[in-house]
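Peer 1: Residue numbers (my numbering), protein chains in the order written: chain A, 1 to 97; chain B, 98 to 440.
Because the hints were derived from the structure by calculation, they are not lab data. Since the structure is predicted, the reported quantities are computational estimates derived from the model, not experimental observations. Be aware that one or more of the hints could be misleading.
[Unchecked claim] Just so you have them, the derived chain B footprint on chain A, three or more residues with Cβ under 8 Å: (1) 25 to 39; (2) 51 to 63; (3) 67 to 73.
[Stated by the list, open to error] Each computed SDA-like pair below joins lysine to any residue, with the alpha-carbon atoms no more than 20 Å apart: (4) B/129 / B/108; (5) A/5 / B/315; (6) B/377 / A/12; (7) B/135 / A/46; (8) B/171 / B/121.
[Said to hold, decoys possible] FRET-style restraints, in silico, Cβ to Cβ: (9) A/38 / B/412: 29 to 35 Å; (10) B/364 / A/27: 34 to 40 Å; (11) B/119 / A/30: 35 to 41 Å; (12) B/141 / A/30: 22 to 28 Å; (13) B/376 / A/12: 22 to 28 Å.
No residue lacks a Cβ here, since even glycine has one placed at the ideal position from N, Cα and C.
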Amino acid sequence: MQLFKVIWNNTYGLLVDDGQLALGALAGLTATGAFSALAPPATVYAYTGPMLLVWTCLLVVSNLYAAGHHAARLVASHAVHTGTREVGEATGAEHRM
Amino acid sequence: MQTVGDSANVIVVGAGVVGCSLAFHLARAGAKVRVFDKGGICAGMSARSGALVRMHYTFAPEAELAWKSHRYFKNWSELVGGRCGFVQTGFALVVDERNRERLIANVAMLQRVGVDTQIVTTAELKKLEPEAFVEDVALAAIAVVLGTALTTLIPLHLFQVVVGTLLLLFGLRWLRKAILRFAGIIALHDEELIYQREVVALRAQGLAKTGMDWVGFTVTCKSVLLEGLEVVFVILTLGAHGTAAFHAALWGALAAGVLVLSAGLLLRQPLTHVPENWLKFSVGALLCSFGVFWGAEGFGETWPWEATTLVAILAVFLVVSWGSVRMVRRMLPQGAHIAVRNI
Chain A
1 MQLFKVIWNN TYGLLVDDGQ LALGALAGLT ATGAFSALAP PATVYAYTGP MLLVWTCLLV
61 VSNLYAAGHH AARLVASHAV HTGTREVGEA TGAEHRM
Chain B
98 MQTVGDSANV IVVGAGVVGC SLAFHLARAG AKVRVFDKGG ICAGMSARSG ALVRMHYTFA
158 PEAELAWKSH RYFKNWSELV GGRCGFVQTG FALVVDERNR ERLIANVAML QRVGVDTQIV
218 TTAELKKLEP EAFVEDVALA AIAVVLGTAL TTLIPLHLFQ VVVGTLLLLF GLRWLRKAIL
278 RFAGIIALHD EELIYQREVV ALRAQGLAKT GMDWVGFTVT CKSVLLEGLE VVFVILTLGA
338 HGTAAFHAAL WGALAAGVLV LSAGLLLRQP LTHVPENWLK FSVGALLCSF GVFWGAEGFG
398 ETWPWEATTL VAILAVFLVV SWGSVRMVRR MLPQGAHIAV RNI
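Okay, chain A solo, but in the shape it has when bound (with noise of 0.2 Å):
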């Protein structure tokens, strides 16, 4: 049980770093995989690849952008909390969003 349990985590940890993005992922592979199979043929044939593209696109800058917003949220906090408005290291701050 404790060896599936290793592996089980390394293989997770392999492919998921943040799961909201791992998620957001395979939303869009689900929704890429349900347009191929509704979709008129033609359509499917010009327009899965370029969605798919722009949804990954899309979801990494969405993703970036939340983590960039936690991060200066962060910052200030930890600017009110020392009473400052010079900002340090907050390197023991470990927090998953």
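Keeping the supplied structure of chain A fixed, place chain B upon it in accordance with the hints.
Peer 2: Here is chain B on its own, set in the frame of chain A:
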């Protein structure tokens, strides 16, 4: 008002392979033909065929039709125009002793029709197709066994979707981290320090004086088997187009393996001077590009410039990533520097 009758004297309903072939031959014979289809050219079962062109049929008229169409596939650009992607690979049908007489009669019928076919013994088959007996390399053997079974049982597009999904997940993970490092949100890696910590942690967990070192076993398995299987899947995906493509992919992978090992030995020192994050960023963008390319192809996309489209996809990812680094940097207050893990 113009009617269809004004512009055509023959109407073909259905633009599948049969309808198009009919229209083509009628037009060549001088007829004015119009083809109608509710979904587009080859939108139905024609697009879902296995794309196998064979002459071996047991029904004589069918074999005759196949043999006549063979001339068109072989000389497509002259007879029809453009390319149809036909590659002649040969076809071998292996039967056991019980079906011997039936096969002899079948081959005699095919030869009467004109099909270039003959009966060979096992030894002669080995001479004709020696590469079918590749068994000297461990991964090659796996690829041969899995390749035969999986490519027969599982459709190619499903392979592409699975491989594309794995590559995309893996690539996004690397790309995100590399972008966050460039933006200064997470600290740049100190690979040497991480390696030392990992070694200490693993030794603390796994190294018993007696008994099996399961942690060491698992880590080794993950590193070697997963990477190896990744290569196997790539071979299967590329090689699913036929025996020749499969062998080409297999030898290509072996050659690449030798090349990568040699390059690794030669570039080991120079590569240590390239910042680690640049390497991870490039690999992340490449994996994402391959993931989107194969994933979409598995879902039915026909990329306009085939594999060359990968370069365009990579360019899109690089531009988006560069923009993301700038965006995230701007979101942080001037002079701010944080190092938060798992943000």
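Peer 1: Evaluate each hint against the coordinates.
Peer 2: Results for each hint:
Proximity of the segment 25 to 39 of chain A to chain B, defined as three or more residues with a beta carbon under 8 Å from a beta carbon of that chain, is established by the 7 residues found. With 9 residues having a beta carbon nearer than 8 Å to a beta carbon of chain B, the segment 51 to 63 of chain A meets the requirement of three or more and the stated coverage holds. Under the rule that three or more residues need a Cβ within less than 8 Å of chain B, the assignment of the segment 67 to 73 of chain A holds, with 6 such residues. Pair hint residue 129 of chain B plus residue 108 of chain B holds up; C-alpha atoms about 9 Å apart against a cutoff of 20 Å.
For the suggested pair residue 5 of chain A and residue 315 of chain B, the alpha carbons sit about 10 Å apart, so the restraint of at most 20 Å is met. Between the alpha carbons of residue 377 of chain B and residue 12 of chain A the distance comes to roughly 19 Å, so the proposed pair stays at or under 20 Å and holds. Of the pairs offered as hints, the one joining residue 135 of chain B and residue 46 of chain A holds, with about 18 Å between alpha carbons and a cut-off of 20 Å not exceeded. Restraint check: the Cα-Cα separation between residue 171 of chain B and residue 121 of chain B comes to about 17 Å, which is no more than 20 Å; the hinted pair holds.
Restraint check, residue 38 of chain A to residue 412 of chain B: a C-beta distance of roughly 30 Å satisfies the suggested window 29 to 35 Å. Distance hint for residue 364 of chain B and residue 27 of chain A: a CB-CB separation of about 39 Å, consistent with the stated range 34 to 40 Å. For residue 119 of chain B and residue 30 of chain A, the hinted distance range of 35 to 41 Å is satisfied, since their beta carbons lie about 39 Å from each other. Range check, residue 141 of chain B to residue 30 of chain A: Cβ separation about 25 Å, and the 22 to 28 Å hint holds.
Taken as a hint, the range 22 to 28 Å holds for the pair residue 376 of chain B and residue 12 of chain A, whose Cβ atoms sit roughly 23 Å apart.
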